[in-house]
Amino acid sequence: MLLSVLNYAGIAVFAASGALIGVRKRLDVFGVWTMAVLTALGGGVARDVLIGVTPPTSFQSWQNLTVATVAGALVFVLHPQFAVLRGSVLVLDAVGMGVFASTGALTALHHGVSPYGSALVGITTALGGGVLRDILVNEVPLLLQQRDLYAIPALSGAAATVAAYQWGATESRALIAGAVLATAFRLVALWQGWRVPVAPEDLAGRIGRAVRRVFRR
Amino acid sequence: MLLSVLNYAGIAVFAASGALIGVRKRLDVFGVWTMAVLTALGGGVARDVLIGVTPPTSFQSWQNLTVATVAGALVFVLHPQFAVLRGSVLVLDAVGMGVFASTGALTALHHGVSPYGSALVGITTALGGGVLRDILVNEVPLLLQQRDLYAIPALSGAAATVAAYQWGATESRALIAGAVLATAFRLVALWQGWRVPVAPEDLAGRIGRAVRRVFRR
Amino acid sequence: MLLSVLNYAGIAVFAASGALIGVRKRLDVFGVWTMAVLTALGGGVARDVLIGVTPPTSFQSWQNLTVATVAGALVFVLHPQFAVLRGSVLVLDAVGMGVFASTGALTALHHGVSPYGSALVGITTALGGGVLRDILVNEVPLLLQQRDLYAIPALSGAAATVAAYQWGATESRALIAGAVLATAFRLVALWQGWRVPVAPEDLAGRIGRAVRRVFRR
Numbered sequence: 017m018l019l020s021v022l023n024y025a026g027i028a029v030f031a032a033s034g035a036l037i038g039v040r041k042r043l044d045v046f047g048v049w050t051m052a053v054l055t056a057l058g059g060g061v062a063r064d065v066l067i068g069v070t071p072p073t074s075f076q077s078w079q080n081l082t083v084a085t086v087a088g089a090l091v092f093v094l095h096p097q098f099a100v101l102r103g104s105v106l107v108l109d110a111v112g113m114g115v116f117a118s119t120g121a122l123t124a125l126h127h128g129v130s131p132y133g134s135a136l137v138g139i140t141t142a143l144g145g146g147v148l149r150d151i152l153v154n155e156v157p158l159l160l161q162q163r164d165l166y167a168i169p170a171l172s173g174a175a176a177t178v179a180a181y182q183w184g185a186t187e188s189r190a191l192i193a194g195a196v197l198a199t200a201f202r203l204v205a206l207w208q209g210w211r212v213p214v215a216p217e218d219l220a221g222r223i224g225r226a227v228r229r230v231f232r233r
Numbered sequence: 017m018l019l020s021v022l023n024y025a026g027i028a029v030f031a032a033s034g035a036l037i038g039v040r041k042r043l044d045v046f047g048v049w050t051m052a053v054l055t056a057l058g059g060g061v062a063r064d065v066l067i068g069v070t071p072p073t074s075f076q077s078w079q080n081l082t083v084a085t086v087a088g089a090l091v092f093v094l095h096p097q098f099a100v101l102r103g104s105v106l107v108l109d110a111v112g113m114g115v116f117a118s119t120g121a122l123t124a125l126h127h128g129v130s131p132y133g134s135a136l137v138g139i140t141t142a143l144g145g146g147v148l149r150d151i152l153v154n155e156v157p158l159l160l161q162q163r164d165l166y167a168i169p170a171l172s173g174a175a176a177t178v179a180a181y182q183w184g185a186t187e188s189r190a191l192i193a194g195a196v197l198a199t200a201f202r203l204v205a206l207w208q209g210w211r212v213p214v215a216p217e218d219l220a221g222r223i224g225r226a227v228r229r230v231f232r233r
Numbered sequence: 017m018l019l020s021v022l023n024y025a026g027i028a029v030f031a032a033s034g035a036l037i038g039v040r041k042r043l044d045v046f047g048v049w050t051m052a053v054l055t056a057l058g059g060g061v062a063r064d065v066l067i068g069v070t071p072p073t074s075f076q077s078w079q080n081l082t083v084a085t086v087a088g089a090l091v092f093v094l095h096p097q098f099a100v101l102r103g104s105v106l107v108l109d110a111v112g113m114g115v116f117a118s119t120g121a122l123t124a125l126h127h128g129v130s131p132y133g134s135a136l137v138g139i140t141t142a143l144g145g146g147v148l149r150d151i152l153v154n155e156v157p158l159l160l161q162q163r164d165l166y167a168i169p170a171l172s173g174a175a176a177t178v179a180a181y182q183w184g185a186t187e188s189r190a191l192i193a194g195a196v197l198a199t200a201f202r203l204v205a206l207w208q209g210w211r212v213p214v215a216p217e218d219l220a221g222r223i224g225r226a227v228r229r230v231f232r233r
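Protein chains in written order, with this note's numbering: chain A, 17 to 233; chain B, 17 to 233; chain C, 17 to 233.
Fair warning: there could be bad hints in the mix.
Only pairs whose alpha carbons sit at most 25 Å apart, straight line, appear in this in silico DMTMM-like list of lysine to aspartate or glutamate [claimed, not checked]: (1) K41(C) x E155(B); (2) K41(B) x E187(C); (3) K41(A) x D164(C); (4) K41(A) x E187(B); (5) K41(C) x D164(A); (6) K41(C) x E187(C); (7) K41(A) x D164(B); (8) K41(B) x D164(A).
If the Cβ cut is set under 8 Å, some of the chain C residues that face chain A in the computed set are [claimed, not checked]: (9) Y24; (10) G47; (11) L106.
Simulated from the structure, these hints should not be mistaken for laboratory data.
Ideal placement from N, C-alpha and C gives every residue a C-beta, glycine not left out.
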């Protein structure tokens, strides 16, 4: 029950992020709706295709599409107010990412995917919608560009859910452990301003010099 | 029989639209062919993957690829003449969209997808090829950008096919009803210049004032 | 055994090409890793989804991801040295393309796909990762743009593997024939500078005049 609510919250929040980008790109009302729906449901559809659930859940039950549509419509109407809430959008987005990482991983486990594969499916679920959103509006995915941590928290959350479930935790606990870990990790990284490095010009040289220094001692 | 012909017509027309964009982008002969094939067959491949038909029909039977190749080759040779025919390309594109919306929906029904899911599969079939085409040449999909109606006609056509089939119409009639509705809707919208609105700056304020005015009475 | 080695070599080489582009685009360490993994494994995942192998092999066994990660990490550390090796990267990329075209086709044959469909699956495997790589960094795929031969060698290799297997060759021989043909074809085309034509302005007119000249005789 709680999980179902969290799942819809994840869909709503990703739909809102897609719709907000659509509004900023001056897309028409249908374009905004398309962005909301594909961002919110894209990760789950990728998950279902990868684990062989056809047709995907979002094509079978109307709830997912309805939640995404309502969230997209709210942004279409209230987008100036949403711009003010940018901070809380980041928080909600972190919640959505965490929920999708853990529910994606558990769904895969249910369908007989190995623990290793289930963790990867969890990451794909958490990150797929955002990548699709950025490709659609013709930008390099934020996931690739932004130097703050996003994928490592998703990976941790998916791995935590799989590990907890393998070690005999109940489903709810495995899901909550993964979702909380991923969300908290992402929020702390944002709050502390943790940065991921780009490739330095002469990393090989630096490693070489460090190794030589060690051997000189 | 008629439907088979219409289906190949849809493939040919989408192939021509992909090839024309490839020629304008100065792609080489193989790039133009790739654009033709992926635009024409992309929607159907997405449909088959979503409903679990693997390998997709376009990988199993040679007819689809041949039709797309011939249409692409014609555009490669005759593209200056095609530029003149821009109006008729829009008409043919509307026919292709209508045919794919209804055949996509009926194919999904045949594979046991729910009516709701089948309508969504129909839309995906009708719109998938064009979105793929635009992503490949690095542009924001026309579907998102253009302010004339495209997705609503596709949705109407797919829904009409599903509804007619559920209410006991024969397959041919369900298909023709959907294809004709989607195509006619799209053509009338183009002819009348119907426009889809973008998000207004202060829609929430306007709705608020309208509500207050109602309550003052 | 040899084939397994070749397959990992293909993954490593595609991972290196993805990572190198990621470094050039100034992506952070995780972005570079994502580029490496998606480029190296994207074609194989597409292959498995198309032929109904779910979850895809790269989600089931850890080896593919490990090879891609190691190759991506090497590029991240040694990228200035890799820039010097541009020639050898092109050679390795040709080997990877050839290996994926033939292994993709044979995998499809094993799963009951028709010879025709298997050749198409082989091409998709060989070209899918590179197209995904270019879409992610927001560029028109090299496959579409570059005027040297890439897809025709992939097609030849996939078709050769299918034909050899149909005519009773052992699996190893069919695979080696396809991989060698595709790789050699690509390398000779690069070496000789073979170019693919773009659409000429008045091809129809030229064909018309040539036909009239023939009939005048």
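Structure-based check of each hint:
Between K41(C) and E155(B) the alpha-carbon distance is near 19 Å, which keeps this suggested pair within the 25 Å criterion. Proximity of K41(B) to E187(C) is assessed by CA-CA distance (about 41 Å); at most 25 Å being required, the pair is judged violated. Between K41(A) and D164(C), the direct Cα distance comes to roughly 36 Å. Violation of the 25 Å bound is thereby established for this hinted pair. Distance hint between K41(A) and E187(B) is unfulfilled; the C-alpha atoms sit about 41 Å from each other, more than 25 Å.
A C-alpha spacing of about 17 Å is found between K41(C) and D164(A), which places the hinted pair at or below 25 Å, so the restraint holds. At roughly 40 Å between alpha-carbon atoms, K41(C) and E187(C) are farther apart than 25 Å, so this suggested pair is violated. For the suggested pair K41(A) and D164(B), the alpha carbons sit about 17 Å apart, so the restraint of at most 25 Å is met. Taken as a hint, the K41(B) and D164(A) pair is broken in the structure, with Cα atoms around 36 Å apart against an allowance of 25 Å.
For Y24(C), the shortest C-beta to C-beta distance to chain A is roughly 18 Å, which exceeds 8 Å, and the interface hint is violated. The closest approach between the C-beta of G47(C) and any C-beta of chain A is roughly 4 Å, which is under the 8 Å cut-off, so the hint is satisfied. For L106(C), the interface hint is violated, since its Cβ never comes within 8 Å of a Cβ in chain A; the closest pair sits about 21 Å apart.
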